[in-house]
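**Student:** The chain contents come next:
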Amino acid sequence: MPFHISKDEIMETVRMVQSENLDIRTITMGINIQDCRHRDGNATGKSIYDKIVKYAGNLVKTGDEIEKEYGIPIINKRISVTPVANVADGLNRDDMITIGKYMDEAAREVGVNFIGGFSALVHKGFTHGDKDLIAAIPYVLSNTERVCSSVNVATTKAGINMDAVYLMGNTIKQTAELTADNDGIGCAKLVVFCNAAEDNPFMAGAFHGIGEPESTINIGVSGPGVVLNAVRKYPEMDLGELANVIKKTAFKVTRTGELVGRVASKRLGVPFGIVDLSLAPTPAIGDSVADILQSMGLERVGAHGSTAALAMLNDAVKKGGAMASSYVGGLSGAFIPVSEDAGMIDAVLAGALNIDKLEAMTCVCSVGLDMIAIPGDTSSEIISAIIADEAAIGMINRKTTAVRLIPAPGKKVGDWVEFGGLLGRAPVMKVNQFSPAGFINRRGRIPAPIHSLNN
Amino acid sequence: MEEGKKLIITVLGYDRVGIIATISAILAENQVNILDISQTILQGFFTMVMVVDMSNSKCEIGQLRELLVEAGRNLGLEVTVQHEDIFKFMHRI
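Which chain is which? The protein sequence lines are A and B, in order.
Quick note on numbering: the first sequence equals residues 0 to 454 in numbering that gives the first Met the number 0.
Quick note on numbering: the second sequence equals residues 0 to 92 in numbering that gives the first Met the number 0.
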């Protein structure tokens, strides 16, 4: 071969794409909209719409061209914008709802399936704009198709805003009720974060952070199927050696993201931000993080040992990926969503995996309790308490954690919720019914941990 | 980074008469130059890897892929067409 790539290497790459679901999960364009503020919701929304269409008008076309030319599937093209609560502070709830509608229209106009940034950062307290935005979330998520929302309620540096945790329990319930006809799908577009990443390309939690440039291209790669096949090849290998195999595989997967990011950045004339090293599963068979853990030797994910296996996998993916990309960022860790991973669903059905074990697993990976359906009659206090637990894990471990729960209206444990597409389907999982209400209703702020005082 | 115009074409399937002729005829019609061919047959299973240059071709990569995949399908073969940079990036630092 003219550039000395062996035939085996070529066939390896071809196999990754053809049969192991190697793809670029998302090209996400971050757009600053801080200059779009006007006197009311309508004028602000219009200005945001115009800016998105101007900046991202060629995003989908460019993504499709790169896919065709390079022969690598690029599944999603998406947009993230500056947290709307910051941009529209001083406007009221109805103005926020209007802005949400303009965002939805802009996303439809440029052809992206999701737009993130209907967001507020309230880890230390609320501005008036934050309160109005959060009040608007249930209406925006029930009346738009593509808008995604996120609220950051805690950081390692600020502690946990328990007023916000309390409020988000109610907001999630309200969002579920307003989208009851579709199993509470509104909640699939709402993430509650601790230590949110400003350059995360993955939905529903993507937003364009305050420290970000005018516009940027962030890439999310995906390769659970590729890692799965690599692990399956070596059933006898000890874990140190297996970590090395995973590292090498993650390197190759991430290089593809790096290449696509550079090309997209050049063609769109927008600076390249980061590659997110996450292992993001899809409902497709074999594209599952759960299957990787099982191929490492667990009968089912959720068995004792799952946390250790996931910790090793997550770390090996980062080590391999970090070498492959010039800029790593975003969430960068294995995702363990239930509805989007066929292996996770099977483990729940087999009785191997429950919310408590998932919570433990989130201590060692990205991102949190993700896409989990719970009974529709779960109280808002219990939802708030689940958020508080996840936020505590993130705060103490200096990592991003998130909660994306769907209290499916009218559904009970064992029922199914169906969202379709990438969001998948999920069995309704059991939640501990003992009441945390006394704790949650205290509200206030949990102070930042001692190890945040590192100056 | 320079975006090159070289592609890697792979062809997989059961061996039969005329595979290389069919593929290379399509390439010739579209002014795509073959730089390298490597082909093996193992127990009747045919594997070919081609490196081609399409800098003088008027054809788009997407169109060329469709032509080759369609021709491959008629012969019961699986054809892939990818930009060489994917392989360079993945296997070389």
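Check each hint, because a few of them may be wrong.
[What the hints assert, rightly or not] Derived Cβ-Cβ restraints for the label pairs, each shown as a range: (1) B/G75 x A/D49: 46 to 56 angstroms; (2) B/N55 x A/N142: 47 to 57 angstroms; (3) A/G110 x B/I92: 30 to 40 angstroms; (4) A/N181 x B/V68: 47 to 57 angstroms; (5) B/V68 x A/D49: 51 to 61 angstroms.
Because the hints were derived from the structure by calculation, they are not lab data.
Ideal Cβ positions, reconstructed from N, Cα and C, are used throughout, including at glycine.
**Student:** Taking the beta carbons of A/G110 and B/I92, is their distance inside 30 to 40 angstroms?
**Tutor:** Taking Cβ atoms as reference, A/G110 and B/I92 lie about 35 angstroms apart, which means the hint holds.
**Student:** Looking only at beta-carbon atoms, does the pair B/N55, A/N142 fall within the given range of 47 to 57 angstroms?
**Tutor:** 53 angstroms, holds
**Student:** CB of B/G75 to CB of A/D49, is that within 46 to 56 angstroms?
**Tutor:** 52 angstroms, holds
**Student:** Assuming the hint says 47 to 57 angstroms, is it satisfied by the Cβ distance from A/N181 to B/V68 or not?
**Tutor:** For A/N181 and B/V68 the Cβ distance comes to about 38 angstroms; the hint is violated.
**Student:** Using the Cβ atoms, figure out if B/V68 sits within 51 to 61 angstroms of A/D49.
**Tutor:** Given about 40 angstroms between the Cβ atoms, the range is violated.
Comparing the model with each numbered hint stated earlier shows that hints 4 and 5 do not hold.
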